[in-house]
Structure formats: structure tokens, C-alpha cells
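Chains as they are written, first to last, in full-length UniProt numbering: chain A, 1 to 245; chain B, 1 to 202; chain C, 1 to 546.
FYI, nobody ran anything at the bench for these hints, they're computed from the structure. Please note that a few of the clues may not be correct.
The calculated lysine to aspartate or glutamate pairs, modelled on EDC-like cross-linking and capped at a C-alpha distance of 20 Å, are [as the list claims (entries may be wrong)]:
#1 C:K259 - C:D320
#2 C:K122 - C:E161
#3 C:K360 - A:E156
#4 C:K360 - A:E155
#5 C:K360 - A:D49
#6 C:K436 - C:E405
#7 C:K259 - C:D204
#8 C:K184 - C:E126
#9 C:K436 - C:D409
These numbers come from a predicted model, not from an experiment.
What follows is each chain in one-letter form.
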Amino acid sequence: MRTWLLNLDPITKGIWLLSTGLAAIVTLNLSWQSAWFGAVLAIGLSGADWSLGRWGKTLLWLLGFGLPLFLFQWLVLPGETPWLRAGGLVLTAEAYRDSLTLTLRAMTLFLSSLLYASTTAPRDVVVALSHHMRLPDRFAFAVAIALRFVPLLTEEAARIRHAQRMRQLAPPRGLGERLGIARRYGVTVAANALRHVQEVATAMEVKRFGAVATRTHWRRLRFAPAGIGVAAASVVAAAATCLFG
Amino acid sequence: MQHRPAERFSLRSLTLSEWVLMALLAAANGVLTSGLSWVNKLLHSMGGPMLTSSLVGLYMIYGLLAMYIIRKPGAALMTYALGACIQILVGTAYGAWSAIAAAACYAIVIEPIFYLFHYRHYNWGAMLFVGTAAVPLWFVVSAFMFGYIQYESWVLIVTLLIRCLSGMLLCGALTKVIGDRLAPTRAVRPFALGRDYREHQG
Amino acid sequence: MGQSLSLDEVMRAERVAFTYLGENEPALEECSFRILRGSVTLIAGGNGSGKTTLCKLLAGAMQPYEGTVRGTINSAAAHGDSSPLVGFVLQEADEQFVIGTVEDELAFAPENLGLPRDVIGKRVEEQLRRASLTSLRHRQVHQLSGGEKQRTAVASVLTLEPDILIMDDAWSHMDAPARRQLDKSLQAWHQAGRTLILAVSRLDEMDWNWLDDAQLLLLHDGRIAFDGHLAEGLRNGQTEKSVTEDDFACPNLVSLCRKAGVLPSGAVPIQLQGNLVSDCAAPKCTTKSACPSDTAGALLQVCELDFRYRLGAHSRSSRDYALHSISFQLLQGQCVILHGLNGSGKSTLFRILTGGMPSKAGYTSGTVMLEGRPFSQWSTYDLAGRIGFVAQHPENGLFADTVEEEIRDAVLMAQRSGRSCNDADNGLMTSQALDKQVETWLEHNDLSSVRHLHPHDLPTGAKRLLSLTLAVIHDPPILLLDEPTAALDARHAEAVRDWCLAQAEQGRALIVATHDQMWDQVRHSSMRQAYMDEGRLTEVVQKAPF
Ligand SMILES: Nc1ncnc2c1ncn2[C@@H]1O[C@H](COP(=O)(O)OP(=O)(O)OP(=O)(O)O)[C@@H](O)[C@H]1O
Ligand SMILES: Nc1ncnc2c1ncn2[C@@H]1O[C@H](COP(=O)(O)OP(=O)(O)OP(=O)(O)O)[C@@H](O)[C@H]1O
Ligand SMILES: [Mg+2]
Ligand SMILES: [Mg+2]
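The shape of chain A in the complex, shown without the other chains (with noise of 0.2 Å):
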């Protein structure tokens, strides 16, 4: 079973990361911030799919930023409410508030980004781009085609890197040659990916795109109810978090 966020379509998800984006940047009221984090964590514990280590994960890397940068700003941030007293540090209740407030909007970006994209599948971002945004096809083109080549460079460093170590038979002596090897390694996967384009170009000029002026487009998106329900409550919630807070 794909749970609901899955299955909508990558408009109506857009729609919902750019308003509760939007929101988030433009509110500086701790209480409406703290809404819209708890907006995206229900969203994403309902929906994403996501396994428990895979929460769990994100979930430390949330702390593992949000703390430190909390306590920085607090100690930063201008003041007048002296709050704690350690030695010569004067913590203040609006740094506090203030520092709670934008490290909540960092969280908050950062878990609808993530959210976003583990649950965007490439594929329909291309028909969502040039189908239903009539946007240019090559630029929806590229934009496919740079997903594509996110996985599978990485997928080829990971061979190259394999292929390295089987032709490595000694250890390196001394830091020259390890940094020989680095290079070696980053020169490879550059021209990997260089020698892609040329490859990806041919290929589509053979396989005749832009012969014609409109392409088909043989898949469609379906816009479930959900997802409008999503953008449009999203819209609506962002505009009052700009009028209100």
C-alpha cells in the first residue's frame, strides 16, 4: 500500500511546500511557527511512508542542528528580559523566543523539503512540467535528465570507486599518492559524467526529439481529491499566517 502523500501529484504538493515555505519564512509569532512544524511532522508521520530509522534519523539530524543553533542564537540575539545569568552570559527571554522561533523555521523548511522529495517521483515532474506547466520541453527535459543523473552518478562513483580498489593492489606510500588516488577518483567520475552528455544527447537527437512541435505526452497526472484538499487548506493557512502573524 503507497500511503496518501505518495500517491499525490507533484503540483499539488508543490503548492503545499511553497505556502507552508512561504509561511514559515514570513512569520516571526513563536505560536504559528510552532503550527506549521507540527502541520509538516503530521503530514509526513500520515503520510510519507517512511521507515522507523529513517524517522529516526531525520529526526536526530533535527536535533543534531536545531539544538546547537538554538543555543547560538540565544546567545546572540539582542534582548531586555534578563532570564538565566551564568557568569557573564545574560540569556534573555525574547532571544529565547526569537531563537525558538527561527530554528523552527529551519526545521520546518528543511522536513518539507525532505518531505517533498522522498516522495516526488522524478517521472512525474517531467509530465507536471511540460504537460500541465507548459513549460519549454527542454528545460522539462533537462530537468528529468539531471534527476536521472543524480542516481546513477552516484551509482557509478560507487563502481569506480570499486574498480579503484580492485586494481589497488599495494597501499599507497605516503600522502602523495593517496591524493594521486583522490584525484584519479574525481577526474574518473567527472569524465563519466561529461562522456553521459554527449551520450544523452545523441540519444535523444536519434531518437528524434523536437521533431516535432508538440510532443504527446503518454502519461498523465491524477489529481486526487487529497491533494487539492492539501493545497488549497495550505494556501488558505498561509495567507492568514501573513495577515495575522
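Once you have looked at the hints, place chains B and C with the ligands on chain A.
Here is chains B and C with the ligands on its own, set in the frame of chain A:
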């Protein structure tokens, strides 16, 4: 040579392989950004905006590199646009809006500069200048977006200086270095960089 | 511009020559021929003879920066609105994917033509069915096995339903059923009066009987050595019938083909010193006794090995095992021929045996022992020294700027680690000795003519020869070869096979994963047959001695 870059701004002049190259650069940037995001977060937590700023040049190099290789109108603009899309789709630590805004700020500065250069100047001076010039706009925008604006003013000034330096070295200079290393290789043969190199050689 | 095409021609080449950028010698020279509407043309030629170059030129896929063409190529495809559609399947499947998901790849070409959606849907479904890819339709292409990739590549061009189809040796990794299926698809497609151009490096594999009246263009060193009808007797490879008198230079097509390397030397079985016939004297390789305790002589022991790929977030993940309770041991002097359909897990097994499977890629369980010690206790350097590995797609293992440098690096590394093939020079090698050794390797493996090329520019066959060379320079006791004869012409394939058996005689242990019939043509005492079926190593039987 018949390959004079068109000086009129038109996206039609970009060929298919140039689009794919821009896609590759955008993808590389996506990987780099998400790969560096933990470094970045770490720096941010430790030193706030100042330390984070030291890496800022790396985040904008892809568009400049595209321009350096392709040398046609729209190359930087489109690459940044692609880059923003990819960052959103791959996941970015700072949210969708900041990806869009950052890319827009870089593109708004870099593309017109090259237009003024008639897409012809790619020497050291030009590259260092472009790398530095691309920084301030996004700095101002991001200061408002992320609330840095509340920081003390000396923090802001130091941050801006660090960013400019980073832009000059990690973006401008690095582009020049990488580009010149690529120029003789087979990989850039279809692009203006490779063509110009061959013309100079023979 | 030459004369325009006559009505029954679709393509005509007149004195075409092609020189790659930066080369002095042309890759093609003086090529003149015509291709008739509705005909089948076989472009046969050995490795490096120029098939890929010619195909790219015919398909119009050669980019202007790759080199310079002289002469004229007239193609009906370039004329007018009602021009025929050309489809081109490249030699390397990996090079022709654009979007990255199997079904989208299939839909990509017809989408570009702006065909209606239901037509595209029908075509996609049909080709998915024909290529048996239905269960893989949502898969990412980089997560496919070698043969599955090729099937996808072919299917993605067939959905275009071109009027002229050019295929460049695009079935080298396919298993027998897939080849039969392809044969059927092509036959059906050709019968509608369409033109077919096939580049082949092995004529002995082309037992498709509808190719009877095909036109044969035999390429040799970039020149057309023969242009005429494929004679009946040729394909059987037995009768030495003399052929058309227009080719007076070489009166015998069969020997001409042998010279070009597209037919095997004919001498079966091979001339090795070893005992070709034996009565089970050699120790048996067993799968039945799970995890045997006696380890004497076993170089490699695998016990209850399971592996499951972790599929990406967006594809429906299957719970299938890529490898399932695999147990076997590999003894010295054995050459295990690993058969198995596409996607049965051969390459996966190799990747695990060489320690190349990233832990992120999937879930592994079971033990692998090398010389009696578990893998984890080996340092990566010692492991690399003991295993010679040729991956199915060798591109990722090539690092240097030229072939010569690549080999020089490998020789130096082997020498440094004390694993050099030449025992004579155990001390530091003089640069002269090094040069000589590099020269020998180049010479032995037919790479001298391409020594100055970038490894990525090599013709596919040469890439494989190079990676085979690289795998053995350090003289490893175990050789794992994944499809070592794919894309090789008959002469080289035979040489590789014989070389493998010779290695086994010298006490090395080999596992060779292959779909090539060539291995079935010899009997050798050290050969073992193993079958992989959906991740299970079903049987390893001693072939009955003859
Ligand atoms: N990019 C290149 N740069 C320089 N020379 C090349 C390049 N590609 C091929 N060649 C040379 O051109 C000749 C023909 O190569 P081609 O790839 O056409 O051979 P092929 O018949 O397809 O071989 P194979 O059966 O191995 O695929 C070879 O001698 C090769 O060295
Ligand atoms: N990176 C991957 N991620 C997920 N599944 C994979 C991956 N690579 C291969 N597979 C799947 O695992 C199975 C075994 O693949 P493998 O490459 O080992 O097959 P093979 O026996 O080598 O086939 P071939 O003869 O076609 O090369 C196949 O079903 C394939 O689709
Ligand atoms: Mg070839
Ligand atoms: Mg395989």
C-alpha cells in the same frame, strides 16, 4: 569562425548537448548541496552566518561554469533555473523558497554582466569580478529571509566580506581553473570552450 | 552531392571515408554500397573494423565534432516530408537511455513524434510483452541486468516503428530466449517491407533462417572486403563454396570471413596440451553439500549466500532475492561456466564476490571465504591481488588517458606488490624492461593499434580486451569474468576461451558467466557447468566426457 556567439538574447541558440550539460551541472550541484549540507549545518550551528559563508562560492559555481563552457546567452540563467528545480526535488536544507531566491539572485547578476561583456570575456579578471559581484544581492535577500538582519551590524559586514572572498575564490577562480583544465579534453569538444581552445591551438 | 537516390534505394554511400578527430589513419575508407528498400543488410566485421562508425554515419548520429567525413552518404531519410523514419539501436545499451524508467524509455521515441496517446500505449504494451519486460516496467534502467538493459534499448527503438532500422550488435548480452524473441520481432517487423541493417561481429551466431537473402557487407580494417549475397553455405560454416566472381581478390567467402574474424577458425575442438577428456579425475564442484567443512584446495567458498536489492523509494519494491542460498566451492584448476537467463543474478554474485556491493545497495547474508579465511579478514589490497575481475560493463574500470598508460600503470602496480607475471624481474624494473612488458601485453591482446586512444573511445570489443588484460596482469589465482566474450568477434572470442582453459590448466580457478554458445563447443576436463536460475545456483554437473 562561424560560431560567434549570438549577442542577441535568445534561448533558441542553446543546443541539445548544451541543455544536457546544464542538466548535469545542475545535478552535480544538487548532489554537492545535499552532500555539503551537513558540513554547512555544522558550520552554521558553530559560527552562525559567518562560518557558513565561507562555502558560499561553491553553491554558485555551477552556473558560472556553465557559462564558461557554453558561452551563449541564457546559459547561466537556465542553469540556475534548473539548479533550483533540482534542489527542490532532491531536497534542500533551507527550503524551496531559498533555493529559488538564491538561484534567481545569482542569475540576475551574472547573466547581465556577461551580456555587457558580449559573452566574450572569460579572462581571470572577468571571472574573479563575476564571482564577487554575484554575492551581495543574495546576501541582502537572505539576510531578510533568514532573519540575519537582526544580528549586530559588524557581524553582517564581516559576513559579507567573507562571502565576497568566497565568491571570488571558490566561484570565480575555481571556475577558471576547472574550465581551463577541461578545455583540452574530449568532453568539451562540442562546446564553445573546446572550440575556442582548438582554434587557439591550430 | 552525388546523384539522388533511385526509387528502390534507401541509402547509398559513395566512396565514404571517415577520420576521427586527432587521428591520422581513417577509420573507414572507400566505402561504396547501396541499400535497397525492404532489404536486410548485414554489416559484418571483426573488432575495430569500423561497424559502429559506419552505422553512426548511416543513422546520421555522428556528431560533427567527432571527425571528418569524405564522400557522400545519400539517405532517403533526409529528403522531404514523407521521408522514411530511421531507428538506430546503439551498441552500448547504457548510451541510449534518456529518462531512466523502463516504460518511459519505451514511450519516449513515439512521444517525440507526437503520436496519439492510445497508439503509444498500445506500442509500449506490445513491446514490453515481446521483450518480457512487463514485470520490470517501473524499474530504473541503471538497476537492470546487462541483458535486460539491452532488451529495453531495443524495445525503446522498436516502439518508434521506424521504416529503416539500424542495429549495432545490440544483442551481445541477451540470453537465448531473448535472442529468439528478438529474432521473431525483427522478422515480423521486416516482413512488412521495411529495411533492416544489422551490424554483427559474429556470423556464426546468426542462425536466423530468414536472413537467407540478406546482403552482406564485410568490413575489414575500415574497407569493404565483400559486398554481395550471403551465400547459403556460409552460415552453416561448413562447405567451402566459392562465391560470386565479382570479388576476385578473395575467391572464398568463408576464408575471407575467417580472416576478418567474423567466423570461428572452424577447428573444434581446440588445441590445448591438457587432457581434453577425463573420467571425473578432477575433484567435483558441489553445491549439494551445503557448507562443506574440508577446505583443502578450495580457493573460494561461498556458504548460504543471500542477497536482496534495495530498490529506490519510487519504484514498487519487490521482495525477490537476487541471490538465494548460494553455496559452492571453487577449486584450483577449475573453470566454472556459469549459465543463466538474463537477470538470474550472475553479475550480482560477482559483485559480491569481489567485495564491490555497497552495503547501501541491499541486504546480504551468508559467508564468503577466500583461501579459508572470511572476506572480512582480508585487506582490500590482498583481496585485489588475488582476484582478477572483468565487469560486465568495463567502462567504469578504466582510468588513464591512453590504453598504453592504463597498462603501464597496472604493470607497475603489479610489480610493486610483488605479483608480477614475470618472475624474472622481481627487483625494481628498469624503464626498458617496463616498456618491453607493456609492449608484450599490448601485442598479445591485439591492442597495439589502439594504444594511443583514450580508453573510453575504444571500440566496444577493444574495451573488453583491455579490461581482460588489466584483470590478469597481476597474475591472480582467481579470475571472475563476466561475459568475457560479449561484443568480441569470433576470432577473439575463441582466443579468450582457449586462454581461459589454459589458465585453468595452470591451476587458476575461473568463473565465467556467459551466454555465449562458444563455450559449449569444447569439452575440457577442468570445465564445470553451473546454472543460475532466479538467484539459485541450481546444479553444477560434470559434463559427460565424450
Ligand atoms: N572516438 C574515437 N577516436 C579515435 N578513433 C576511434 C574512435 N572510435 C573508434 N575509433 C577507431 O576507429 C576504428 C573503428 O572503430 P569502430 O568502433 O567503428 O569498430 P567496431 O567495428 O564497431 O568494433 P567493435 O566490434 O569492437 O564494436 C577502430 O580502429 C578504432 O580504433
Ligand atoms: N542496482 C540494482 N538494483 C536493483 N535491482 C537490480 C540491480 N542490479 C540488478 N538488479 C536486478 O537483480 C537481478 C539480477 O541481476 P544481475 O545483473 O545479477 O543479472 P545477470 O544474471 O548478470 O543478468 P545478465 O545475464 O542479463 O547480465 C535482476 O532481476 C536485476 O533486475
Ligand atoms: Mg562497435
Ligand atoms: Mg550480468
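Verification of the hints:
1. Annotation: proposed proximity of K259 of chain C to D320 of chain C is violated, straight-line Cα distance about 47 Å (limit 20 Å).
2. Note on K122 of chain C and E161 of chain C: the hinted pairing holds, with a Cα-Cα distance of about 12 Å set against a maximum of 20 Å.
3. Taking the CA atoms of K360 of chain C and E156 of chain A, the gap is about 14 Å. The hint holds against a cut of 20 Å.
4. Among the hinted pairs, K360 of chain C with E155 of chain A is consistent with the structure: their alpha-carbon atoms are about 11 Å apart, no more than 20 Å.
5. Annotation: proposed proximity of K360 of chain C to D49 of chain A holds, straight-line Cα distance about 19 Å (limit 20 Å).
6. With a C-alpha separation of about 13 Å, the suggested pairing of K436 of chain C with E405 of chain C holds against the 20 Å cut-off.
7. Taken as a hint, the K259 of chain C and D204 of chain C pair is honoured in the structure, with Cα atoms around 14 Å apart against an allowance of 20 Å.
8. A distance of roughly 13 Å separates the Cα atoms of K184 of chain C and E126 of chain C; the hinted pair therefore holds under the 20 Å criterion.
9. Simply put, K436 of chain C and D409 of chain C have alpha-carbon atoms about 14 Å apart, close enough for the 20 Å limit, and the pair holds.
When the structure is compared with the earlier hints, a violation turns up for hint 1 alone.
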